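K.L.:
What follows is each chain in one-letter form.
There are 4 protein chains.
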Amino acid sequence: MGTRVAVAGASGYAGGELLRLLAGHPDLEITAVSAGSSAGKPITSIHPNLVGHPAFDGVNFAATDAATLGEAELIFMALPHGESAKLADALPQARIVDLSADFRLGDAETWHKFYGADVAHAGRWAYGLPELPGAKENIRQARTVAAPGCYATTSILALAPLLAAGLAEPDDIVIVAASGTSGAGRSLRTDLLASEVMGSMSAYKVGGTHRHTPEIEQALSEASGLEVTLSFTPTLAPMPRGILATCTAKLTKAATASADPGQALRDALGAAYSTSPFVHLLPDGQWPATAAVYGSNGAHVQAAADLHAGRAVVISTTDNLGKGAAGQAVQLANLMLGLPETAGLTTHGVAP
Amino acid sequence: MGTRVAVAGASGYAGGELLRLLAGHPDLEITAVSAGSSAGKPITSIHPNLVGHPAFDGVNFAATDAATLGEAELIFMALPHGESAKLADALPQARIVDLSADFRLGDAETWHKFYGADVAHAGRWAYGLPELPGAKENIRQARTVAAPGCYATTSILALAPLLAAGLAEPDDIVIVAASGTSGAGRSLRTDLLASEVMGSMSAYKVGGTHRHTPEIEQALSEASGLEVTLSFTPTLAPMPRGILATCTAKLTKAATASADPGQALRDALGAAYSTSPFVHLLPDGQWPATAAVYGSNGAHVQAAADLHAGRAVVISTTDNLGKGAAGQAVQLANLMLGLPETAGLTTHGVAP
Amino acid sequence: MGTRVAVAGASGYAGGELLRLLAGHPDLEITAVSAGSSAGKPITSIHPNLVGHPAFDGVNFAATDAATLGEAELIFMALPHGESAKLADALPQARIVDLSADFRLGDAETWHKFYGADVAHAGRWAYGLPELPGAKENIRQARTVAAPGCYATTSILALAPLLAAGLAEPDDIVIVAASGTSGAGRSLRTDLLASEVMGSMSAYKVGGTHRHTPEIEQALSEASGLEVTLSFTPTLAPMPRGILATCTAKLTKAATASADPGQALRDALGAAYSTSPFVHLLPDGQWPATAAVYGSNGAHVQAAADLHAGRAVVISTTDNLGKGAAGQAVQLANLMLGLPETAGLTTHGVAP
Amino acid sequence: MGTRVAVAGASGYAGGELLRLLAGHPDLEITAVSAGSSAGKPITSIHPNLVGHPAFDGVNFAATDAATLGEAELIFMALPHGESAKLADALPQARIVDLSADFRLGDAETWHKFYGADVAHAGRWAYGLPELPGAKENIRQARTVAAPGCYATTSILALAPLLAAGLAEPDDIVIVAASGTSGAGRSLRTDLLASEVMGSMSAYKVGGTHRHTPEIEQALSEASGLEVTLSFTPTLAPMPRGILATCTAKLTKAATASADPGQALRDALGAAYSTSPFVHLLPDGQWPATAAVYGSNGAHVQAAADLHAGRAVVISTTDNLGKGAAGQAVQLANLMLGLPETAGLTTHGVAP
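Protein chains in written order, with the UniProt record's numbering: chain A, 1 to 352; chain B, 1 to 352; chain C, 1 to 352; chain D, 1 to 352.
Everything labelled a hint here was simulated from the structure, so no lab data went into it.
Each computed BS3-like pair below joins lysine-lysine, with the alpha-carbon atoms no more than 25 Å apart:
hint: 1; chain 1: A; residue 1: K41; chain 2: C; residue 2: K205
hint: 2; chain 1: D; residue 1: K86; chain 2: D; residue 2: K113
hint: 3; chain 1: A; residue 1: K205; chain 2: C; residue 2: K41
hint: 4; chain 1: A; residue 1: K250; chain 2: D; residue 2: K113
hint: 5; chain 1: C; residue 1: K250; chain 2: B; residue 2: K113
hint: 6; chain 1: C; residue 1: K205; chain 2: C; residue 2: K250
hint: 7; chain 1: D; residue 1: K205; chain 2: B; residue 2: K41
hint: 8; chain 1: D; residue 1: K250; chain 2: A; residue 2: K205
hint: 9; chain 1: B; residue 1: K250; chain 2: C; residue 2: K113
hint: 10; chain 1: C; residue 1: K41; chain 2: C; residue 2: K86
hint: 11; chain 1: A; residue 1: K205; chain 2: A; residue 2: K113
hint: 12; chain 1: C; residue 1: K250; chain 2: B; residue 2: K205
hint: 13; chain 1: B; residue 1: K250; chain 2: C; residue 2: K205
hint: 14; chain 1: B; residue 1: K250; chain 2: C; residue 2: K250
hint: 15; chain 1: D; residue 1: K205; chain 2: D; residue 2: K250
hint: 16; chain 1: B; residue 1: K250; chain 2: B; residue 2: K205
hint: 17; chain 1: D; residue 1: K250; chain 2: A; residue 2: K250
hint: 18; chain 1: C; residue 1: K205; chain 2: C; residue 2: K113
hint: 19; chain 1: C; residue 1: K250; chain 2: B; residue 2: K253
hint: 20; chain 1: D; residue 1: K41; chain 2: B; residue 2: K205
hint: 21; chain 1: A; residue 1: K250; chain 2: D; residue 2: K205
hint: 22; chain 1: A; residue 1: K250; chain 2: D; residue 2: K253
hint: 23; chain 1: C; residue 1: K253; chain 2: B; residue 2: K250
hint: 24; chain 1: D; residue 1: K250; chain 2: A; residue 2: K253
hint: 25; chain 1: D; residue 1: K250; chain 2: A; residue 2: K113
Because the structure is a prediction, the values reported are computed rather than measured.
The following block holds chain A by itself, in its conformation from the complex (with noise of 0.2 Å):
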């Protein structure tokens, strides 16, 4: 018998992520599944890849509620944002790994700058990013933990190694990241419909009005101890899953002055994540595609050094659902429960 754990918000894209996950997870043991609307229908209805486990055939999703809930002794929440803070005041002892925005900024005037007048700031968990300095044993030790945007995983991770390092400087970054349509939800939208998608990109949110824009200054100027400005634009892509994120930042005096200012940007990243099991810089002369990850907790990092126009350039590549959601939370529950961080997960996305 594994560790017991309840998934909220089950029905959506994230949510059904967790489920796979964890329907293969060896020391995890899925107890209540729930939904909002959908909460009495049958998840294999709604996730018919799900079909043929015992957890979910013939099953249907329960009410989102505390009391089926707590059972559990650790709790994913993928719940609308507003709706995870108001749920987890209903669970004061669960351990909870959050992937709605609720937790993640730490400034006020920021959340309601950019999450509106109307939701109240719920405060600030520990921040689930556990590649980035020492984030991981603060995560272990935390009850609660706020799931990083697919956004904010994907450009961070390619961003923070050469802040660290001091080869690029924090002050005008600029990030255009492409995400496949899974990353909006499994909303009824007319912009999101197949007819609208396929063999279209478009873009949205533009001008710095995206809401993980704070979320990446925020955690790139902790791990920086610089005060980080930038843009960033998110496009539509015609896939179901996936970021690509370009990260662009200018290059410090310090990597210019370097024999090989390429290198030196290939160094940091690699000396970063040379002993994680799901970040990996490409070797020399490939390039990140979102197929290399998908439907993996996989990262692929790549970058170059372009000395006319002065700026360090850094592909990274997410799955939306996985590192930048469903994979990273139970990457984050298994630190949480002393379990090896990789269980459950793979680092090889499914491809082609």
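Put chains B, C and D on the given structure of chain A with help from the hints.
P.N.:
Just chains B, C and D now, kept in the frame of chain A:
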């Protein structure tokens, strides 16, 4: 230490999927990874999704020869048709799972009609579709097993139970199947370029000329004791993986005379796969989608009776690289080696 | 000044395609563009591809009512089934091309079986498939014409010439067709979300329940003078547009007795469409791909005889919004108005 | 009878799109269609979308030589880089629109840096971006015109008006663009296979090495009179056509000092393209999507000011084969021949 296995022809898509599955297999250990024209190249330059595993990082493909491969206790051969038979001759004592067509057909004349006069008929090995009645015992005792084709697996799983139950006529079966592009391999052909395929469905090998046609007829005839004749049309779908087969056969009098012919079809499928860990009859009203088995060894089936047209219609789906190739090969190896049938495999597709 | 035309139901995909085609039509002038729930919204907010045209820039959808539409000399109705009949009643003297199913079926019982008991059978208009024998004259003289369904158009074009030529048996036809998602319209349904569709083929309306089934039977029966029965299975393909239909019928004795049955099939198709500007038999050896007719009013067909299975196999393709809907509607309007049949239309798809 | 035109290099994607556009052009007549290694093959075997036109049905590609092509009054050259210059030498008096890079760059050193030491710098022709200030008159009077690159067209259209209006700083521009696969041509490369591309975004030519980088810098510098430096990163998107460029530049003091910096950006774009038939500033709040210009000669732009990051962000989109290649080439030919600029072209994309 697990059982030592080797993969010959590991630079292709089926070979790459074998490596991915073997990397996560608890009981098997990869001891040789060989290729043809890619011998000497880094494994991860062709399969970047495999970065981060000691058997692949910094390792080059070996050349495909009997000496290297013969060290393994079981060899997966994912070679072009014709080459498997040659290599097998040089490995007279090894356990082999062959993913090519070389050892699938019993009839030499049929072989030559579909595979050309040039390639000698190599004879026939145990046919590796474990869900066919009696097949598992046969596979467990075989030294060499021929893994079925992807279209064949998907079609046979749909129709064999109906023929065996006397619900479908054997003499005018019509199958139309759509496959993702990885089924055609990693060949540099214009018609497989992304620009040509994306946004486009096309037909090929129309008129009973596809090589899986006699394989399906042979397996269904043997499973049912009837002489099966069928029309098979493959189409190419704009997706990397997945087969969706629409399999229709005339309803027998027994079928149309039953109180609920559609339910009779469903009952036959349900009974055939009630204990199968990989093949699943979907709940009534749910129709298969390839995404639900993406990256898995699962197969989904669902049926309806069309009394107006007098036909049973069964829809089945597999991942052509999963249950249609590499996943099934691992399942066969598990059986041959006395391991749990499901070791290293999942029935849960990566979706959405 | 061209002939004044109006589009009712212009916010959907077929309606939007009508606007696109009419914007480039040399002889027609758009005088009213109406919608249902989108009335009052800017046309280009829903159809951003139409930006840059005086009939659309800064113009909102009008409400769909007879007064507004009645100003036009010809009205295209792209409304949900059931609504067309109501609007037509209010426009007793206008020329109308209706893209709904309301006026396609002659048999009231069949209508109610497939469209429900609630919606009254509206009767039958001239059937607008100009390539059927004798159809063009009929359409030219009609005040109201029912444009065929997309699957129906694609299937009928494939099979009608073979039945008429006595090469195919009418009583056990099997059609399996794949459609792009725009065929399902702009509906907010979970199964039409990009995340669900991309990378996935699925089946729906299996077992003879799709509404185009009786329409195809009616048209083929009338065209051939034979009683046609068929099994029709639609599938959803991960592409925005396009239908690929695999149409098989038993070869007649006349067909199998011919010196070259495959050529006999090709000859019948070639003769049927030798003067058609839109329907083309492909050169021998080339099989249809939907991309080749993308965005056009073209249709491609190709055939083979499978003597082993005793079946003719015809592959046909159209753009479901082109020859399958809006393109054909414009072709019908051209005929009704005495314009050149090809005015404003092309047979050349946008490819790759 | 229209003006006689020829297409050299018509077997590729840009060449095929030229043929498609020319087939529908009211004032141009195709007199020669040539190819390199495909010479002698039927045109419609490579471009099945062109079936049904007398200039293509049953016609083979001619070989690319000056004698055949020289009969035309205007020649489109869609040849590999380096070959255009050679052919142009042999056609000293013909009007030519060249789609290669051979005649785009004025600086020989830059040419050799990006195109290699082997290919001689051929000099510079009139730069064929008609929407740049003063460009149209220049093009009308030129005998030979170099059509811009696809990324270059899309990026320059986005940024030139802001630089000219003094709203954007020229010295730290960052452009990240996603392109459909047809931009890479019909090359048989593994990374362009459908299996590799579908469901995957990837980066390439990172670090300022893409050949369109100096072309964009040259055009923007000339258009603004400033010295422009930029970081350009291209990415490959899973779609056949379309470019989406995210173009960011530091806001000038004039921009940040304006009452509404975002509106100032929009005003500059709106003024630049107010009379353009092809380039459109979208209504406020709508962001470009590549599908809206699919198959057309249109370009869409939209802008926002990010005051926190101090950057203007302009999103622009074109069809890389349309306004990015063949469409623009036809527009150039129209200007050179004194035809209406829009003849044979549309700004309305095929969508959805």
